[in-house]
Amino acid sequence: MPFKPIILWTDALVFVLVAVVVASGWYIRRQEHLLAPWRKVVRSRYGMCALVILSVFVAIGLLDSFHYRPRLDARPGEGKTSYAVEVRSAFDALVEPLGRRFEKTYSAPFAAYSYAKETVERPDGTQAREFPRLKFGGAHLQDPAQELVPDVVRRTLGAVGLAAVLWIVLTMLVAAWLAWARHADFSATLSAIIHGETEVPWRAVLLTAGLVLAVAVPLALLSAQYHVLGTDKVGQDVFYEALKSVRTGLVIGTLTTLVMLPLALLLGVMAGYFGGWVDDVIQYVYTTLNAIPGVLLIAAAMLITQAWIDLHPNIFETVSQRADLRLLFLCLILGITSWTGLCRLLRGEALKLRELEYVEAARAFGVSNWRILTRHLAPNVMHIVLITVVMEFSGLVLAEAVLSYVGVGVDPSMISFGTMINSARLELAREPMVWWSLAAAFVFMFLLVLSANLFSDSVRDAFDPRIRSAMSARLRRLWARPV
Amino acid sequence: MIVAAYLLRRLLYAIPILIGVNLITFALFFFVNSPDDMARMQLGQKRVTPEAIQRWKQERGYDKPMLFNAGAKCERPLLGWSALPKLCQEKLTDTIFFEKSASMFWFDFGVAEIDGRDIAREIKLRMGPSLAVTIPVFLIGLLTFITFALILAFFRATYVDFVGVVLCVTAMSISFLFYIIGGQWLISKLWHLVPISGFGYGFDAWRFVVLPVAIAVLGGVGASTRLYRTLFLEEIGKDYVRTARAKGLTDTRVLFRHVLHNGLIPVLTNVVVAIPMLFIGSLVLESFFGIPGLGSYTIEAIRSQDFSVVRAMVFLGAVLYIVGLMLTDISYTLADPRVRLQ
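Going line by line, the protein sequences match chains A and B.
Everything in the first sequence is counted per our numbering, starting at 1 for the first residue and increasing by one.
Everything in the second sequence is counted per our numbering, starting at 1 for the first residue and increasing by one.
By construction, these hints were calculated from the structure, which means they are not laboratory data.
For each residue, glycine too, the CB sits at the ideal point set by N, CA and C.
Be aware that a few hints might be false.
Unchecked claim - For lysine to aspartate or glutamate, the following DMTMM-like pairs were computed, each having C-alpha atoms within a straight-line distance of at most 20 Å:
(1) Lys57/B <-> Asp118/B
(2) Lys104/A <-> Glu118/A
(3) Lys189/B <-> Glu431/A
(4) Lys117/A <-> Glu130/A
(5) Lys135/A <-> Glu118/A
(6) Lys124/B <-> Asp108/B
(7) Lys189/B <-> Glu427/A
(8) Lys238/B <-> Glu431/A
(9) Lys57/B <-> Asp94/B
Said to hold, decoys possible - Stretches of chain A that chain B covers, calculated by requiring three or more beta carbons in the stretch to come under 8 Å of a beta carbon on chain B:
(10) 108 to 115
(11) 380 to 386
(12) 406 to 413
(13) 424 to 433
(14) 437 to 450
In isolation and in its complexed conformation, chain A is listed as follows (with noise of 0.2 Å):
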C-alpha cells in the first residue's frame, strides 16, 4: 500500500459521532413527532445561513480526520517497507502543496519578498541587504513590482467568475431537486426560490452559499500561487494553519460534550428517578466536581497528563499520536467539568418526569426500573441533550483558545487556534507589526463560532422547553467562570 492508514483516538470518536448523527437522522425521519421541531428550525432563516457556513467547517473537519503515514521510497536493499513519522491527513493531501510550503520567515498576504531585510550575495559578488524573494509566494512572476498586482487581480476576476458559474449551476441544482420532489414546474419552483416563497428558506440558504463561494474559491485558487493570509515566524502559511485549526475546534466543541454524554444522562435521570440515597450521591459528586473552579481543575489534570505523557515518551509511535492523545485528555477533562450543569438539569426534568402518569401506569405494569430508565424518561429528556450540546459548542471553541494561552491546551505542535492566538501575540507589538496570523486566527474563530451561536439559538427556539432552571445555571457559569 501507498500509506498506511493511522486511526488516531479523536477520528475514531469523530466517526462514531458521525455514525450516531446519520442513525438518529435515519430514525428521526420516520417519526412525525420527532420531526415536527426539526422542521422548524429548517424554516428559520439565520439558523438555515449558519449551517452553511457551519458544514463547510464540518467538511474540512471531516476531510481533516482521516489520518494516514505515506511510504517511504524503499531504500535499495532493505526488504520492508517503511512509513513516513509524519502523519498526514486527507485534507493535507487534497490541499497538497500548501501544507509544506515553508518561507523562510514572516511574509505579508500576497508578498512576493520576504518581511525581513537579509543579506543576500549579489551576482557580481557584493552583498546587501534587501528583501529577498519568497521561494514560493508569487515565485511564478518575472518582475513582481509590475506583475504583482495586475495578476492578483486578473486571477481574482477569474475566481469570482468561476464561484459564479459554480453557483448558479448549484441554484439550477436545487430548483430541479425541488421541482422534482414535489413534481412541480422547473421554472415556477426556481421563481418561488427567488421571491422567497419557499417553506424552507432556500434564497437565503443559496445567498450565503453564493456568498460563501464567492469568498472561498479565489482564497483557495490564489493559494495555489501565493500565501494569501501570509506567513509566520516559521515561513508555515497562516491559510493552511487556519484550515487546519479548524477540526482542532469541531473536535473539541463536539466530543467534549460526547464523551460525558452517557454519563451525565445515566446519572442525572437515575438521581432524578430514584431520589432517595441515590440523588444523595449523585448530587454529592457533581457538587464536588463543580467546586472545584473549573480552569484550576483543566490546569491540575492537564499538567498532571502531561507529565504522564512526558515520562512514558515510549508508547507513542509519533508526534501526532502524543498530540492527539492530549487533545482527547483535554476534551475529557472539559467534560467533567461542563457534565454537571447537564447532569443537574436532567435531574430537574426526571423529577417532573416521575410523577406524570405513563410512568405511574408502567410501575404499575410491573415495568422494570431500567426499561422505565431507558424508554421513558431517557427519549423525554432527549430535547434538553441537545440544546445543552449545541449552546455548549461555542464556547468550548472559545475556551480552547484561552486554554492554549494560558499553557493547558492543546499540545504546542497541534495546530489550533489557541496556538495560532499564543505564538502570534507578541507579533502586534513587532516592528513592523505583523498582524495576518492574529487576524487570521480571530476571524475564523469569529465565524465558526458565530455560526455555531446563531444556529444553536434556532435550534433552541425550535425545541423551547423553556428550561427556567437552565438559564439560572447559565448565569451562575457567566459569572463563576474565573477567566
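Chain A is fixed; fit chain B onto it per the hints.
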C-alpha cells in the same frame, strides 16, 4: 436564630464536599504521577541519579509514605486512647497526605516547590491586586449589563432591540483574547493612553487597572446583556405588569419600578456565587496585563509546573465556591420572603 442554625447545617454540609475536593486533588497530584516522577520532571528528564531524586524529595518532604506511616515513632496515642499502642497519631500525620493535602484544611499551604516561598504569605500579598481588578469589573459590569438589558427591553420589538441583539450575538462570538490583544494594541500602543502592563500600589493603581477593567466588561457585555434582556422580557410578560399598565401607569414607570425590581431578583441571587471568587482574580487578564495578583500567580505556577501552588489554588477556589453557594442560599431568602430556610 433560624439563619444561624441554617448556616451551621450548610457549613456541616460543606465539610464532606471539601474532603471530596481534597481527595480528588490528592489522587490527581500524587497517584497519577508518583513523587519520584515529579522529581525526575523537575530535575530534568535524563541522567538523574537516584540520590538527586532522594534529595529533592527529602527537601520537600515527599519521601514519606502516602497514607499510612507504619514505621513512625509513636509518641502521642490516637484520640487519646493509650489502649491501642500500635496506632498513634504519628502513623497518620507523618505522611504525604496529612502534610501536603489534609493540612490545607487549616490553611497551611506549605511552601512553593520551585522557589521555596511561603504560599499562604504570597496569597495574602497578591489578593489586593487581584481585587483591584475584579471588584470594579464586577460592579461596573453588573451595572452596564443591567442598563443595556433594560434599554433593549424598553425598546422591545423595534429596530433598536434587533440591532442590540445582533450586536450582542456578534460580541459574544468574539474571543476574549481578541478584546485583550486588540485593546492593548489600540489604547496602549497606538494612543499611549495607559501603560501596556504593570501595576502600582496605592492610588497610582488606577492607571494600570482601567484598561483591564474596561476590556473585561466589554468581553462580557454580549452574553450577559442578552441573558438579562430575556429575563426582563419574561417579567414584562407577566400578569401584574398588564395590571399596572391597565391602571394607567406609564410604560417607563412600570419598567423601572415593577419590572426592574422583580427582574433583578434572579440576576442578583445568581451573581452572588461569584463574589467570593473575586479573590481568585482573573487568570488571563492578570497575565496579559502583568498584574501581580493570584491569577498570574496561578499561571506562573502552571507554566513552571509548580504542583504545590496549583494544589493550594484548587483548594482555595473550592472553599470560595462553597462560601458563594451559601451566600446564594441566604440571598434567596432575603430577596424572596416566600422562600424559607428549612
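Point to revise | Violated hints, by number in ascending order, as checked against the structure | key: Violated: hints 8, 10, 11.
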